[in-house]
Amino acid sequence: MTVETKTAEFDSISLESGASLAPVCVAYQTYGALNAAKSNAILILHAFSGDAHAAGISAETGKPGWWDNMIGPGKAFDTEKYFIICSNVLGGCQGTTGPSSINPQTGCPYAMSFPVITMGDMVRVQAKLIDFFGIERLLAVAGGSMGGMQALEWAVSFPDRVRAAIPIATTAKHSPQQIAFNEVGRQSIMADPDWNNGDYYSGRPPARGLAVARMVGHITYMSDESMREKFGRRLRDKEKFGFDFSVDFEVESYLRYRGSQFVNRFDANSYLYISKAEDYFDLASGTGSLAGAFGKAKARFLVISFSSDWLYPSYQSQDIVRVLRRSNHDVAYCDLPSNYGHDAFLVDVAEQSDVVRGFLGSTYKEKS
Amino acid sequence: MAIAAQAARKPFVGELLGRGDFAIISELVEPDSKVLDLGCGEGELLAWLAENKGVDARGVEISAAKAQRAIARGVSAYQGDIDEVLADYPDQAFDYVILSQTLQETRWPLKVMRDMLRVGRHAIVAFPNFGHWSVRLSLLLTGHAPKTELFPYEWYDSPNIHFLTVDDFDQLVRKEGFTIERNYFLSGKRTVSALPNLRAEVAVYLVRK
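Those protein sequences? They're chains A and B, same order as listed. The letter at position 291 of the first sequence is residue 291 when you use our numbering, and the numbering goes up by one with no holes. To convert a position in the second sequence, counted from 1, into our numbering, add 1000.
Isolated chain A (complex conformation) (with noise of 0.2 Å):
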């Protein structure tokens, strides 16, 4: 299955902040086929540095994408079955405007004039895409990590568009670990002279930095366990120690060669504008509590966590699901066993097939 990324144009956004932005242009794909009833349709979201090709492959690289396992033909989101939409987020640099888009004004990039922006703004762009769709309630909405994030974020801000909400690997709020983490990336990037503030357009990326902000991410998704399994204390193209500085450990090598990767895909300030964005996102902050959140959400929820994820760990997913139980929502819950960290969302989909493809069957056969 070739697909292609296609663009939607908005007039503008009012963001969180009190800034707009006009005009925002959104990448999507789309994957199956739209119902007559517009029923059957589920937004994916995705984590921190995806993008809109979460199936299939894609006619201009030739890759699959980011989520190809869980979304096809018989697959967990079933492209026979249901109409699937994947977009950029706001603030992202493939496709979607973000701080490396032209500035109309100026005719410049944006860069660093590009306003802050947060989950609720991410959210409320893929509603104005979902309103181009003539969609008015999603079958679901479905990401892990930050695509989580925004899953939640759905559910409490559309309570009447979404049927159900799948948030994997995720949490309600970010926490200071995460927070952290986030930050030491952000300081690598700008810490990086070819930062320049952010006004490196015309020049050369601070690639150095974006891509040890990355290696410090990669490390963050996998665990103890599955790093000890990939790589254990093998040398890398050697019998013996270097006793130098090159390229000892595979480890070290697997972790240059994702950084340098990612430099090409990447745009460094994006990484500075939606690591921010994960940072202040707090389901609560506008009621004062979860609960409050949650208070007006309609929707059913299958909430996934794995075992060794450590970025996100499972007591964070369990207190969402507390939570909901309290208030009597309709909520699924189940702790997937895995060896492989945060990532397992991505790579270690079995079980997460099996439960999503039974969600949501379940919740399209009960009001369709």
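None of these hints come from the bench; they were simulated from the model. Take the hints with a grain of salt, since some may be wrong.
[Unchecked claim] Here are the simulated DSS-like cross-link-like pairs (lysine-lysine), alpha carbons at most 27 Å apart as the crow flies:
1. K128/A with K81/A
2. K173/A with K81/A
3. K1147/B with K1175/B
4. K1053/B with K81/A
5. K1053/B with K298/A
6. K1175/B with K1209/B
7. K6/A with K173/A
8. K276/A with K230/A
9. K1053/B with K365/A
10. K1034/B with K1066/B
11. K81/A with K298/A
12. K173/A with K298/A
13. K75/A with K1189/B
14. K1209/B with K1111/B
15. K75/A with K38/A
16. K230/A with K240/A
17. K365/A with K1034/B
18. K1034/B with K296/A
19. K365/A with K1175/B
20. K1053/B with K1175/B
21. K1111/B with K1034/B
22. K230/A with K296/A
23. K1189/B with K298/A
24. K128/A with K298/A
[Said to hold, decoys possible] Some, not all, of what chain B presents toward chain A, calculated at C-beta under 8 Å:
25. G1041
26. A1064
27. A1067
28. Q1068
29. I1071
30. A1072
31. R1073
32. S1076
33. Y1078
34. V1085
35. D1095
36. G1131
37. W1133
38. A1194
C-beta atoms are modelled at their ideal positions from N, C-alpha and C, and glycine is treated no differently.
Based on these hints, arrange chain B on the given structure of chain A.
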């Protein structure tokens, strides 16, 4: 008594999903009601009730693997410990709270019973009867902790941590001032009416406050 009258109506119970107590529970639950199943296993009963009686079905299961399979079946289940999570639910959130063959496994059965009737309008409790003649005989003749078809475990690896008889349950219900709306006593696929404390393998009670 009422007990005998209930049971006499229907000497044979069918099986539902291979279980006599499920067959009775499936008849007790009113259509389109809200049901919470404590210890829902892989969600077989809840899935049946949702499919055939249109109930809004929720389940709690302590085994992660079973909870996972229940969700895969389309049931809103979550992994959790009954003793802990039951306290979380608001009052009268459900029409029925079901505890099927699990009361004897809970740490605090009385607390569970009270919470069930706080959270639900009705409680449905099914439990294996430790007063059955085969259990009594097993202890008497072997001098070992009873091992029967109903209680197949060694004493050291049994999930059952409380042993109760039909009379014990009746006594508790009286003491707590609960009302027995219906009860059924099963021996194999038959209901028994006379001497249930001696002859019932499994008892199913519908109770309210």
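Quick rundown of the hints versus the structure:
1. Using a Cα cut-off of 27 Å, the hinted pair K128/A and K81/A holds, with the two alpha carbons roughly 24 Å apart.
2. Distance restraint check for K173/A and K81/A: the Cα-Cα separation of roughly 33 Å exceeds the 27 Å cut-off, and the hinted pair is therefore not satisfied.
3. This hinted pair does not check out: K1147/B and K1175/B have alpha carbons roughly 30 Å apart, beyond 27 Å.
4. Distance check on the hinted pair: K1053/B and K81/A sit about 25 Å apart at the alpha-carbon level, within 27 Å; holds.
5. For the given pair, K1053/B sits about 23 Å from K298/A by alpha-carbon distance, which is consistent with the 27 Å threshold.
6. Distance check on the hinted pair: K1175/B and K1209/B sit about 12 Å apart at the alpha-carbon level, within 27 Å; holds.
7. Proposed proximity of K6/A and K173/A is contradicted: the alpha carbons are some 32 Å apart, above 27 Å.
8. For the hint pairing K276/A with K230/A, the CA-to-CA distance comes to about 31 Å; that exceeds 27 Å, so the pair is violated.
9. Note on K1053/B and K365/A: the hinted pairing holds, with a Cα-Cα distance of about 14 Å set against a maximum of 27 Å.
10. Taking the CA atoms of K1034/B and K1066/B, the gap is near 21 Å; set against the 27 Å cutoff, the hint holds.
11. Taking the CA atoms of K81/A and K298/A, the gap is about 23 Å. The hint holds against a cut of 27 Å.
12. With a CA separation close to 20 Å, the supplied pair K173/A and K298/A stays within the 27 Å bound.
13. Only pairs whose Cα atoms come within 27 Å are accepted, and K75/A paired with K1189/B is rejected, the gap being roughly 41 Å.
14. For the suggested pair K1209/B and K1111/B, the alpha carbons sit about 14 Å apart, so the restraint of at most 27 Å is met.
15. Between K75/A and K38/A the alpha-carbon distance is near 21 Å, which keeps this suggested pair within the 27 Å criterion.
16. The suggested pairing of K230/A with K240/A holds, with an alpha-carbon distance near 19 Å, which does not exceed 27 Å.
17. Annotation: proposed proximity of K365/A to K1034/B holds, straight-line Cα distance about 18 Å (limit 27 Å).
18. Straight-line distance between C-alpha atoms of K1034/B and K296/A comes to about 20 Å, which keeps the hinted pair within the 27 Å bound.
19. With a CA separation close to 44 Å, the supplied pair K365/A and K1175/B exceeds the 27 Å bound.
20. With a C-alpha separation of about 34 Å, the suggested pairing of K1053/B with K1175/B is violated against the 27 Å cut-off.
21. Our distance criterion of 27 Å between C-alpha atoms is met by K1111/B and K1034/B, whose separation comes to about 22 Å.
22. The straight-line distance between the Cα atoms of K230/A and K296/A is roughly 44 Å, outside the 27 Å bound, and the hint therefore fails.
23. Using a Cα cut-off of 27 Å, the hinted pair K1189/B and K298/A is violated, with the two alpha carbons roughly 42 Å apart.
24. A distance of roughly 20 Å separates the Cα atoms of K128/A and K298/A; the hinted pair therefore holds under the 27 Å criterion.
25. Taking 8 Å as the C-beta contact cut-off toward chain A, the hint placing G1041/B at the interface is violated, the least distance being around 14 Å.
26. Given the 8 Å rule on beta carbons, the hint for A1064/B holds: about 6 Å separates it from the nearest Cβ of chain A.
27. The interface hint given for A1067/B is met, as the beta carbon of that residue sits about 5 Å from the closest beta carbon of chain A, less than 8 Å.
28. This hint holds: Q1068/B has a C-beta 5 Å from the nearest C-beta of chain A, less than the 8 Å allowed.
29. Interface hint status for I1071/B: upheld, as the beta-carbon distance to the closest one in chain A is roughly 4 Å, under 8 Å.
30. Taking 8 Å as the C-beta cut-off, the interface hint given for A1072/B holds, the closest approach to chain A being about 4 Å.
31. Because the closest C-beta pair between R1073/B and chain A is about 6 Å apart, less than 8 Å, the hint holds.
32. For the restraint placing S1076/B at the interface with chain A, the shortest Cβ-Cβ distance is roughly 4 Å, inside the 8 Å limit, so the hint holds.
33. Because the smallest distance between the Cβ of Y1078/B and any Cβ of chain A comes to about 4 Å, under 8 Å, the interface hint for this residue holds.
34. With a least beta-carbon distance of about 7 Å to chain A, the hint placing V1085/B at the interface is held under the 8 Å criterion.
35. Taking 8 Å as the C-beta contact cut-off toward chain A, the hint placing D1095/B at the interface is violated, the least distance being around 13 Å.
36. The interface hint given for G1131/B is broken, as the beta carbon of that residue sits about 36 Å from the closest beta carbon of chain A, more than 8 Å.
37. Here the hint on W1133/B is broken, as its CB sits about 41 Å from the closest CB of chain A, past 8 Å.
38. With a cut of 8 Å, the hint placing A1194/B at the interface with chain A is violated, because the nearest CB-to-CB distance is about 42 Å.
Of the hints listed earlier, those the structure fails to meet are numbers 2, 3, 7, 8, 13, 19, 20, 22, 23, 25, 35, 36, 37 and 38, in rising order.
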